[in-house]
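Peer 1: Build out the structure end to end from the sequences listed, making use of the hints.
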Amino acid sequence: MIAHLPILQVIIPLMAAPICLMLKRTQLVWLFSLLTSGLAFAVSVLLLQQVMTSGLISYELGGWQAPWGIEYRIDKLNAFLLLIISGISTIVLFAAQTSIEKEIPKDKHIYFYVLYLLSLTGMLGIVATGDAFNVFVFLEISSLSAYALIAMGKNKQALWASYQYLIMGTIGATFILIGIGLMYQMTGTLNMYDLSQRLPEVAQSRTVFAAFAFVIVGVCLKLALFPLHLWLPNAYAYAPSIVTAFFAATATKVAIYLLIRFTFSVFGLSFSFTTIPLQTLFMALGLIGIFVASFAAIFQSNIKHLFAYSSIAQIGYMIVGFSISSVTGLTATLLHLFNHALMKSAIFLALAAVVFRVGNVQLNSLRGLGRQMPLTMAAIVLGGLSLIGVPLTVGFVSKWYLLIALVEQGWWPVAGLILLGSMLAVAYVWRIVEVAYFKEPVGPPIKEAPMSFLVPIWALVIANIYFGIDTRISVQVAEAAAQSLFGVSL
Amino acid sequence: MVVVAIAIIRMKDLFAVVMLAGIYGLLSASFFVAMDAVDVAFTEAAVGAGISTLLMLVVITMTGRDEKATRHKPLSALLIVTVTGGLLIYGTLDMPYFGSADAPIHNHISPRYINDSMQEIGVPNIVTSVLASYRAFDTFGEVVVIFTAGIGVLAMLSVGRRKEDDEEIASINDSMHEQHLVIRIVAKMLIPFIFLFALYVQFHGDFGPGGGFQAGVIFAAAIILYTMLFGLSTARKVINQTFIRLIAAIGVLLYGCVGIVSLANGGNFFDYNVLASDAIAGQHLGILLIEWGVGCTVAAVMIIIFFNFAGRRELYQHNKHSQNKESS
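Line by line, the protein sequences give chains A and B. Residue 304 in the numbering used here sits at position 128 of the first sequence; the count goes up by one each step and never skips. Residue 755 in the numbering used here sits at position 38 of the second sequence; the count goes up by one each step and never skips.
The hints are simulated quantities; they were obtained by calculation from the structure and are not laboratory data. Computed from a predicted structure; not experimentally measured. Worth double-checking, as some hints may not be accurate.
Examples of chain B residues lying across from chain A (beta carbon under 8 Å, computed) [unchecked claim]: (1) Ile726; (2) Tyr807; (3) Pro821; (4) Arg829; (5) Gly858; (6) Glu859; (7) Val861; (8) Thr865; (9) Ala872; (10) Leu874.
Here are the simulated distance ranges between beta carbons [claimed, not checked]: (11) Ile831/B to Pro281/A: 41 to 47 Å; (12) Ile725/B to Tyr613/A: 54 to 60 Å; (13) Thr809/B to Pro626/A: 57 to 63 Å; (14) Met835/B to Pro281/A: 50 to 56 Å.
Computed cross-link-like contacts, DMTMM-like style, restricted to lysine to aspartate or glutamate with a CA-CA straight-line distance of at most 25 Å [as the list claims (entries may be wrong)]: (15) Lys954/B to Glu837/B; (16) Lys200/A to Glu279/A; (17) Lys284/A to Glu1031/B; (18) Lys954/B to Asp283/A; (19) Lys332/A to Asp283/A; (20) Lys282/A to Glu1031/B.
C-beta atoms are modelled at their ideal positions from N, C-alpha and C, and glycine is treated no differently.
Peer 2: This is the structure in structure tokens:
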């Protein structure tokens, strides 16, 4: 079975989704989904181990040789991503049952789990595959289920937010498809490795340039790069809390993976960064994104909005690391992918617990909550510290690598701006601390969140601190992945 | 096509817009035929010109047929569209000529599909071999996309209905539909033939244009026709929500199980060669089974989507009806 791990990674949640429809009791469906996601996580751990020890795994679907059939190609980069996605999904699912009870009508719980598993399948499929068109197919699965999941939010605004995301997401997906189509026209192949071999021959043609532009813009829409981020805040704020926790930690990461995959592996470093001024462009957009989104976060009164803007800012950091186009820069980006997933899932899961007890996440409703829900609020604060990048948290590790990468290149002013951006994070995190700990509570007393929330939240918070101190695993994997991207392509 | 597209943008009457969109679908289907992509044309004619037009009509009955006039002129949007269009045209400048024999797409992968697929798979329709065997996993993904769409519609639109409501709606429908007596009788005669045609398309996919996608849509179209003429409640007595949901799930599972069985028989996922003792027989069996999976899911999801859209509409009309009664 070891040889079939790459396909099992995707097939397990995929097949589990329709089976969910046949189970009658929601409790059972929840357990089944949790088990499925846990199994997918176990597979991803095995895959990562295998890749780290023996290198690239290629799996030919249908037994057809690569450029003719579809190939799954697992290297260090996507094994790392698979681990992040399936891991976060599993931890978040622990709290799902309790959380959706108050947010989604009872008769729709089964649909929720089916869509959740489909969304997981979509993301895993995008990451695992080595075929450009297969990326698009799984992108459709993950996007469609994401629109539906967001629309399940309990407010009417959720529908509008989902609609906005649907329009933007569809444009993004169409752009990616046009790009893939143009590439196919110039090379006659859809396999990524094959593309990377055949694209340099035709690199000077205008068609390839157009293909590159379409793919990059499409992916940037999906990853909510400033100024294409407008769909994100509402989608995160009005989606059911569990969905926000899952997506904030994974969805944009998958898009960043695609960006790295297409620029580094498919089009190749020299084309992406020398033919086109991608470096300056991304550096500028990343920095502007950090500042605009952080400022916007300071003035939000809905905490979910606040952290959604903070997510856009964090994406800015990843893009800056990416734009350096050095091994250290890319390591910083990959580390931040992992670390940001840990922080944001912890924070949004804690917010889900707040929604469960308080009913909403307006800043005013949080008054005095620090004493009433001490464990939940402490988790938010620790997550916030990690966002700022305080030493001993994961946030510090990735920012540290980012700064080293910038200094290596001698870009001191940019490094200064990064530090300044972190100061803005202090401002928005402080607003929450102030309200929660220094204001008197209003209204009826509120109990601490139930254990089904506290266990996964604190598991994530402890991971935030553990990986902030013992950086061996995450740094080693991220570094190895970055090196392999700069070494031989794919 | 360009004329129709511009007309769609300029028109204010949404009913006409929907009709034009149907024509647009039919035109692009003919365009695909002209490009020798018969399978795609088939799907486009069934989905683009057929079912999607129907769904849009259902929506219009709920929202009203006039577009609201907006004075706001989205100049920035125009700019972005122009840039995108410009880039697309710019991209075409270096493209190989249409139909030129030395274009990369004709020289890299496709020669094997064209020359060897008969020996490797044994199916005369090359499109089917590529879809169902060489790139079976993509097709599986597409089926899951359709399944996801169906579940998404269920998650958003399905409404719990009370029994009394159902009966009242049914009686309204009956009185309304007596006017359509001729159509009802003709449709009753036609529907079996439509089913038969769907089955033909389902099985004929190996030899000519057709296959699970098209057959599923045609099958669903027959049921939708029945629903439109005899009312949703009557149709729901034949096919209820739980049942059709089950069919959609079974389609995906059937497709996936073919892959899992090939895993168990020692091959890779979707390696049909190991399904039977003879490789060609295995390919045939695999393709047959997955086409059934596709057909089931597509038909079931189309019906789910229509039922839920139409169910919303009936409920909406019913509510308006009872409001009128109260006010008078």
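Peer 1: Can the hint on proline 821/B be confirmed by a CB-to-CB distance to chain A that is less than 8 Å?
Peer 2: holds (4 Å)
Peer 1: When you take the CB atoms of isoleucine 725/B and tyrosine 613/A, is the distance between them in 54 to 60 Å?
Peer 2: This hint holds: roughly 57 Å between Cβ atoms.
Peer 1: Regarding the hint that leucine 874/B lies at the interface with chain A, is the smallest CB-CB distance below 8 Å?
Peer 2: violated (10 Å)
Peer 1: Is the hint on valine 861/B kept, meaning its closest Cβ partner in chain A is under 8 Å away?
Peer 2: With a closest approach of 5 Å, the valine 861/B hint holds.
Peer 1: Does arginine 829/B pass the interface check with chain A, least Cβ-Cβ distance below 8 Å?
Peer 2: holds (6 Å)
Peer 1: At a threshold of 8 Å, is the proposed contact between isoleucine 726/B and chain A supported by beta-carbon distances?
Peer 2: This hint is violated: isoleucine 726/B lies away from chain A, its Cβ roughly 17 Å from the closest one there, beyond 8 Å.
Peer 1: Are threonine 865/B and chain A close enough, Cβ to Cβ, to be under 8 Å, as the hint says?
Peer 2: With a minimum Cβ separation of about 5 Å from chain A (threshold 8 Å), the hint on threonine 865/B holds.
Peer 1: Measure nothing beyond the straight line between the CA atoms of lysine 282/A and glutamate 1031/B; if it is 25 Å or shorter, mark the hint as holding.
Peer 2: holds (24 Å)
Peer 1: Take the shortest C-beta to C-beta distance between glutamate 859/B and chain A; is it under 8 Å?
Peer 2: holds (6 Å)
Peer 1: Determine whether the Cβ-Cβ distance between threonine 809/B and proline 626/A falls within the hinted range of 57 to 63 Å.
Peer 2: The hint (57 to 63 Å, Cβ to Cβ) holds, given that threonine 809/B and proline 626/A are roughly 59 Å apart.
Peer 1: Within 25 Å, alpha carbon to alpha carbon, are lysine 200/A and glutamate 279/A?
Peer 2: Holds, at roughly 20 Å.
Peer 1: Sort out whether aspartate 283/A lies within 25 Å of lysine 954/B, counting only the CA atoms.
Peer 2: holds (21 Å)
Comparing the model with each earlier hint shows violations of hints 1, 10, 11, 15; every other hint is respected.
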